[in-house]
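K.L.:
First to last, the protein sequences are chains A and B. Counting from 2, one number per residue, gives the positions in the first sequence under our numbering. Counting from 10, one number per residue, gives the positions in the second sequence under our numbering.
None of these hints come from the bench; they were simulated from the model. Please read these numbers as outputs of a predicted model, since none were measured by experiment. The beta carbon of each residue, even a glycine, is placed where N, CA and C say it ideally should be. Wrong hints could be hidden among the right ones.
Derived coverage of chain B by chain A (criterion: at least 3 residues anywhere in the stretch with Cβ under 8 Å from a Cβ of chain A; other residues may be distant) [as the list claims (entries may be wrong)]: (1) 15–26; (2) 35–44; (3) 66–76; (4) 91–99; (5) 134–140.
Take a look at the letters that make up each chain.
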Amino acid sequence: MSESAIVSVAITEWVEAGHPTPLLIDRLTEVAVRALREAKMRPGELDAIITNTTSIPFDNPSYITTSAQHFAHRLAEKIGTHGVQCINVCAACASASISFAVADAMIKTGSLRKVLVAGVDNSPRGFYLPGQSVLDPDPAAAAIKVIGATNPAYWAMWARRRAYEMGKPVESIKELMALVKEIHSEYGARNPYARYKKVFSAKEVLNSPVVCDPLHLYMICATSSGGGAAVITDNETAKKITDKPVKIAASTVGSSVYGEPMPRLRVFSSLGGDKAKKPFTEWRKPIEEAYKLAGITAEDIDILECHDTSCFHTINWIDQVMGWEREETDKLIRERQIRHDGKLPVNLSGGTASFGEAVMSQAFMMIHELFRQLRGEAQERQVKKNLKIGACTAYGAYGAYGCIILEKGW
Amino acid sequence: MKKEVPIMDGLFEWPSENPRLIGSKCPRCGSIQFPKSNVCNNPDCDHSVNVEECFLSTEGTLYTYTIHAYSLREPFQYHKAPYIIGAVELPEGLIVVGRLKVSDEKMLRIGMKMKLKIDKLYEDDENVYLTYFFEPVM
Numbered sequence: 002m003s004e005s006a007i008v009s010v011a012i013t014e015w016v017e018a019g020h021p022t023p024l025l026i027d028r029l030t031e032v033a034v035r036a037l038r039e040a041k042m043r044p045g046e047l048d049a050i051i052t053n054t055t056s057i058p059f060d061n062p063s064y065i066t067t068s069a070q071h072f073a074h075r076l077a078e079k080i081g082t083h084g085v086q087c088i089n090v091c092a093a094c095a096s097a098s099i100s101f102a103v104a105d106a107m108i109k110t111g112s113l114r115k116v117l118v119a120g121v122d123n124s125p126r127g128f129y130l131p132g133q134s135v136l137d138p139d140p141a142a143a144a145i146k147v148i149g150a151t152n153p154a155y156w157a158m159w160a161r162r163r164a165y166e167m168g169k170p171v172e173s174i175k176e177l178m179a180l181v182k183e184i185h186s187e188y189g190a191r192n193p194y195a196r197y198k199k200v201f202s203a204k205e206v207l208n209s210p211v212v213c214d215p216l217h218l219y220m221i222c223a224t225s226s227g228g229g230a231a232v233i234t235d236n237e238t239a240k241k242i243t244d245k246p247v248k249i250a251a252s253t254v255g256s257s258v259y260g261e262p263m264p265r266l267r268v269f270s271s272l273g274g275d276k277a278k279k280p281f282t283e284w285r286k287p288i289e290e291a292y293k294l295a296g297i298t299a300e301d302i303d304i305l306e307c308h309d310t311s312c313f314h315t316i317n318w319i320d321q322v323m324g325w326e327r328e329e330t331d332k333l334i335r336e337r338q339i340r341h342d343g344k345l346p347v348n349l350s351g352g353t354a355s356f357g358e359a360v361m362s363q364a365f366m367m368i369h370e371l372f373r374q375l376r377g378e379a380q381e382r383q384v385k386k387n388l389k390i391g392a393c394t395a396y397g398a399y400g401a402y403g404c405i406i407l408e409k410g411w
Numbered sequence: 010m011k012k013e014v015p016i017m018d019g020l021f022e023w024p025s026e027n028p029r030l031i032g033s034k035c036p037r038c039g040s041i042q043f044p045k046s047n048v049c050n051n052p053d054c055d056h057s058v059n060v061e062e063c064f065l066s067t068e069g070t071l072y073t074y075t076i077h078a079y080s081l082r083e084p085f086q087y088h089k090a091p092y093i094i095g096a097v098e099l100p101e102g103l104i105v106v107g108r109l110k111v112s113d114e115k116m117l118r119i120g121m122k123m124k125l126k127i128d129k130l131y132e133d134d135e136n137v138y139l140t141y142f143f144e145p146v147m
């Protein structure tokens, strides 16, 4: 089996969602070309182009939006190929992460050597309102219609339950989430690609309007437009291209797990009683698999980038990545040990808290941050300690999860 | 007189004196689902027989909840803030997400007993649209 490595990553600036310009295909080609330039690679050398599909809303039920779901093919046509494997990956907000997993698996089996992974998205604005197609009126996906359960409603219910299980008042997790936002925003302000540069205080966050109690407005990410591209190759090729290749030690894909008690996004029910597993089992599973593949344990993780669509997510991801008692996570955050000089730096990109969510392309900003951090190129955000291994965790609706472990390859 | 119409067919018995949520149960492994499905969802079941429709318990305990402070935009503008969403754990081992109905949100406690109530979600010129709620057992 071959090893795989990232040789270049480029991302766009994350901007306000919901505008048709600049054209997404233009942003995609520009960022793809930047990644190819950094890799000193021509499009004709590529074996495959793998893109994530998008969350772009259907404007009219009479028209099919096939174009937005075929960015790999459109990108290939725009940058030119001699014939390349084009694959479009769909896994809700975890899509880009799963694109990496597909590329990684294809390279590790030896079937491909040079892959461009890319994607851009332009989110719907405001609460995501999942449309029911007349051709796919799935009753299991109608929670918004029947009970008005938006995504933040589920996150808020998870947060309240965590506080309850820890025997704490809900105010304790509220304060913790506000502190997470304060710390993430400090790093967003230092990231030229982040949409939001304002540094928030925890007090300002707690003074923002409540959206879904205990979640306040500034604890929930905005919806944005953005994306990125990365060139991934086998390790031998990578070493010829760069003296600082970043190895993909593991890239795993998760799904819903039978027995998960915590109601995942958009569902009407989950399993309780004796049959229920530990809460968030399905978040943890791809992480455990990634550790096994990479031959590491949680203690080996030097830096984490996690998909924080709300500040509760950061807390829960630390719980799941570390696999320790939840109190340890609270202590880590309260002592501000998730900063660049802390024990476990988390979301030094500024996180989705500072970028907003470009739904299906979101993992690019996390991968970009880990790539730059491991190579010592993160400038004002650079971690103080010596880094070897970083983890990226992604999650989305329908039980879509991904975990990527990156390692210094030199 | 306006007609009372469930917001979605197949979720609960209606019309009925004592309506219950409608689920499905696998006769083979006993796995219960809500809403009802056409197949068993247990990965370790041999799926050798078809699932059957079943009715869920009307009482359970509050697992978690949130107060939704923002109204939704069209076409879901009838979800007017503030409204409460919660998850209720039923004795058959299912946690059901639904709307909560309570006179004072401050009385909500995780673990408290809740019971099913079918009630008005909203109305238009022709119909009153019904959905399922859980309310505290007094």
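K.L.:
For each hint, tell me whether it holds in the structure or not.
P.N.:
We went through each hint and held it up to the structure:
1. Counting residues of the segment 15–26 of chain B whose CB falls under 8 Å from any CB of chain A gives 4; the rule of at least 3 is met.
2. Counting residues of the segment 35–44 of chain B whose C-beta lies closer than 8 Å to any C-beta of chain A gives 3; at least three are required, and the coverage claim holds.
3. Using a Cβ-Cβ cut-off of 8 Å, 5 residues of the segment 66–76 of chain B lie near chain A, which meets the minimum of three, so the contact claim holds.
4. Residues of the segment 91–99 of chain B with a Cβ under 8 Å from some Cβ of chain A number 6, which satisfies the need for three, so the listed coverage holds.
5. Counting residues of the segment 134–140 of chain B whose CB lies closer than 8 Å to any CB of chain A gives 1, which falls below the minimum of 3, so the coverage claim is violated.
The structure does not agree with numbered hint 5 stated previously, though it agrees with all others.
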